[in-house]
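Engineer: Residue numbers (our numbering), protein chains in the order written: chain F, -6 to 383; chain X, 4 to 361.
Hint data in this document are derived by calculation from the structure and do not stem from the laboratory.
Just so we're clear, the structure is a prediction, and the values are computed from it rather than from any experiment.
There may be inaccurate statements among the hints.
Derived, one-sided and incomplete: chain X residues facing chain F with beta-carbon distance under 8 Å [to be verified]:
#1 144
#2 229
#3 231
#4 235
#5 239
#6 245
#7 262
#8 270
#9 291
Just so you know, even glycine gets a beta-carbon here, dropped at the ideal spot from N, CA and C.
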Amino acid sequence: MEFAIDAAMRERIEEAREVGQREIRPAGLEADRNAAPIPVGDPFFDRCLERGEGRTRWAGPNAPKSKPRKSNVILSLLLAEELAYWDRGVINATPGPGLPEQSVIGMGTDEQKERFLGPFLEPDKPRWACFGMTEPGAGSDAAAIRTLARRDGDHWILNGAKCFIGAASRSDWLLIQATVDPSKGRAAQRAFLVEQGTPGLGGFKIEKKMGLKAYESTSFTLEDVRLPASNLLGGEERYERKAGFKAAMQTFNAGRPVIAANAVGIARAALDESIRFARETDLLGRDRVRDRIEAIARKVRKARLICLRAGWLADQQRANIIEASMSKAMAAQVAQEAASMGLELLGLVGGRGDHLIEKLYRDAKAMDIVEGTGQIQRMIIARQLVGLPR
Amino acid sequence: MFDLDPGDELALIVDTARKLAETELTPRMRESEAARAVDAGLLAAWDEVGLAALELPERHDGAGLGCVARVLVNEELAAGDAGAALALDPFGPALTTLLEVGGDDAVTALTSALDHGASRAILVIVDAVDVSADTLTLDAAWVPADEAGAVVVLAGSDAFLVTEGISLERVRGAGLRAAGAARLELEGASIAGRWTDAAGAERARARARLHAASLLLGVMRSACDFSTAYSQEREAFGKPIGHHQALAFLMVDMRMALDAARLLVHEAAWRVDRALPCAAEAAAAWAECIEASRLIGPNGVQVLGGHGFMADYPVEKHMRESRALGLLFGGYDAAIEEAGQRLVETDTPLDLGQSGAL
Chain F
-6 MEFAIDAAMR ERIEEAREVG QREIRPAGLE ADRNAAPIPV GDPFFDRCLE
44 RGEGRTRWAG PNAPKSKPRK SNVILSLLLA EELAYWDRGV INATPGPGLP
94 EQSVIGMGTD EQKERFLGPF LEPDKPRWAC FGMTEPGAGS DAAAIRTLAR
144 RDGDHWILNG AKCFIGAASR SDWLLIQATV DPSKGRAAQR AFLVEQGTPG
194 LGGFKIEKKM GLKAYESTSF TLEDVRLPAS NLLGGEERYE RKAGFKAAMQ
244 TFNAGRPVIA ANAVGIARAA LDESIRFARE TDLLGRDRVR DRIEAIARKV
294 RKARLICLRA GWLADQQRAN IIEASMSKAM AAQVAQEAAS MGLELLGLVG
344 GRGDHLIEKL YRDAKAMDIV EGTGQIQRMI IARQLVGLPR
Chain X
4 MFDLDPGDEL ALIVDTARKL AETELTPRMR ESEAARAVDA GLLAAWDEVG
54 LAALELPERH DGAGLGCVAR VLVNEELAAG DAGAALALDP FGPALTTLLE
104 VGGDDAVTAL TSALDHGASR AILVIVDAVD VSADTLTLDA AWVPADEAGA
154 VVVLAGSDAF LVTEGISLER VRGAGLRAAG AARLELEGAS IAGRWTDAAG
204 AERARARARL HAASLLLGVM RSACDFSTAY SQEREAFGKP IGHHQALAFL
254 MVDMRMALDA ARLLVHEAAW RVDRALPCAA EAAAAWAECI EASRLIGPNG
304 VQVLGGHGFM ADYPVEKHMR ESRALGLLFG GYDAAIEEAG QRLVETDTPL
354 DLGQSGAL
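Could you put together the complete structure from these sequences and hints?
Structural biologist: Spelled out as structure tokens, the structure:
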């Protein structure tokens, strides 16, 4: 049994901390003041590229076949926590192939990998990609999406609407989840690679959000978007094996502990700011204040450990359905509680709307919504634990 | 590197404890509770598995294992019967207290006292104690024991060993009756040994809290397991009660609380074994277990409804015993006070990676 962070991990966390303090926190605060995402041409993104960010993990078309690297989910979770500590919204704004990358690596054909991930190998400029699942009428119930995919000879025609999709308007391409028959639920879902500028893809509307303002959350429409069959992720054969919905849910599965780690980072930021404020205002001598801070610190620590447990299981190639959902359900709540407690310590200062904790309070709420609400996580756990019917 | 695997050797010991709990402790839990003691057959089974001297150093003919081993074994035993787990262990956290504060001499004094036919050592933790010349006076309203061959008192930086003049007046006991229940009075009792070490006392308190916390984990686990299993069998409104979302979510929250508390206990125990700062972490783990028990104990009963209220099922025992356990060693308030004091010493107490530990 071991709870240590080794020297190599510490070094990576230290690097993240340095970037976080210098770049990420200020960019997040500025976006929040401006109430708008960091603009595409902002030098912040150029500096991201200079640091080596925004690149794909895909090795490239001519890379020698090598044994897959041993996963290090633990490290990625620790980094996710540290970066979110400085600003969760800015992390999402960072260029790169983002959420759909793993789907393309795991399920895409060789041609699709080269075509869609190739530009991210050594990007000439900041580039984005995004994953379009959520619809106005299908959030938690992802099986209920209505964006329709109709076969037309060697082509597919997509019609529908998506919402709350990160970086959609600035993405080079969008991985769009659609259905060939809404009455058949998950089995009828397909994922399509849609390039920006494809006729019929449009109506981009960047939403105004309560928090996490550094990245864009965008609604858009697909009106008779005509795609060659080669844009169907993985090709038709994959869907004949009924892997469509599962593919999407795999993306979500991988994401839950990362979102949880982000939430832990937000919670820790709220905790630290609370202690700092309490010290500056001589509140730490009060038992009740100390007790509240202790209670939140304990929650942050347990959320972190629950999160790392899910990551550890993943690194061991062991099932982590329950643990991943637990991490997400718990950490998101802790982030909200930490920020809420911090606001109460601030008192009327919190009401001014210009304190970091007030921003964290708004940012944290999204953690209990994205990639499955706390209630959805409990349903997932309950199915395993007590056989809750679907 | 983060690793929750206890390792093969420890896994074997834990498995032994689990089997003992399943085959001996659980089946006799009501019998032990009524008798306020474990019977001879159970004691023989206990002696056979060799878990009695888990933390006793090897130079004292013990297994010389650490705090992680202790908390893992305790959870298993308490999942069977927490009262019996207390009754079977002759040393309990009295041993680790003397080990941390007094070292070898203190341990020798304790083992010698228990060698003389007395059954168990009891640990009492107080803020301060009335000491006069070579005698000690103390009144504890409840200890989970009917008899004791030694009392160890941890007060501030001092650990006292008392082997004579121990008065135990039996009381009914709210729970853990298999270990007995008594009011402890030491009225001018002779001090057999006194040791002082501030850092050692801090670690001793941490180990005592983790000892109790891990017993609490076992009780909570049993409550979760039993109520979850029951929810699959009992039907209401045409389906198993566990398939009603209100109860399903409740049981999910109970399980989450248990898992989180366990991780805090394990991390604090790991810190003890690595000689890292552990006082705040152990206090927090103890507080977390107590908080979790407030959720799990009563709701284990709630899942069973009226049946849960009856002594025919173990969940009422889980509810009582989890509450009683949480009163030991200063309980919740002392734990959050210590954890809170430590926490606010810096502005960034949970900073990642600064100390090489989480």
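Engineer: With reference to the structure, classify each hint as holding or not holding.
Structural biologist: Each hint tested on the structure:
1. The interface hint given for residue 144(X) is broken, as the beta carbon of that residue sits about 24 Å from the closest beta carbon of chain F, more than 8 Å.
2. Look at residue 229(X): its Cβ only gets to about 13 Å from chain F, farther than 8 Å, so that hint breaks.
3. A distance limit of 8 Å between C-beta atoms decides the matter here; for residue 231(X) the minimum to chain F is near 6 Å, and the interface restraint holds.
4. Among the interface hints, the one on residue 235(X) holds; its C-beta lies about 7 Å from the nearest C-beta in chain F, closer than the 8 Å criterion.
5. With 8 Å as the threshold, the beta carbon of residue 239(X) stays out of range of chain F, its nearest partner Cβ sitting at about 14 Å, so the hint is violated.
6. Restraint check, residue 245(X) versus chain F: the minimum CB separation of about 4 Å is within 8 Å; hint holds.
7. Given hint, residue 262(X) at the interface with chain F, holds; its Cβ is 7 Å from that chain's nearest Cβ, closer than 8 Å.
8. Below 8 Å, beta-carbon pairs count as interface contacts, and residue 270(X) has one with chain F at about 5 Å; its hint therefore holds.
9. A least Cβ separation of about 6 Å between residue 291(X) and chain F falls short of the 8 Å threshold, and the interface hint therefore holds.
Hint compliance for this structure: hints 1, 2, 5 are broken, all remaining hints hold.
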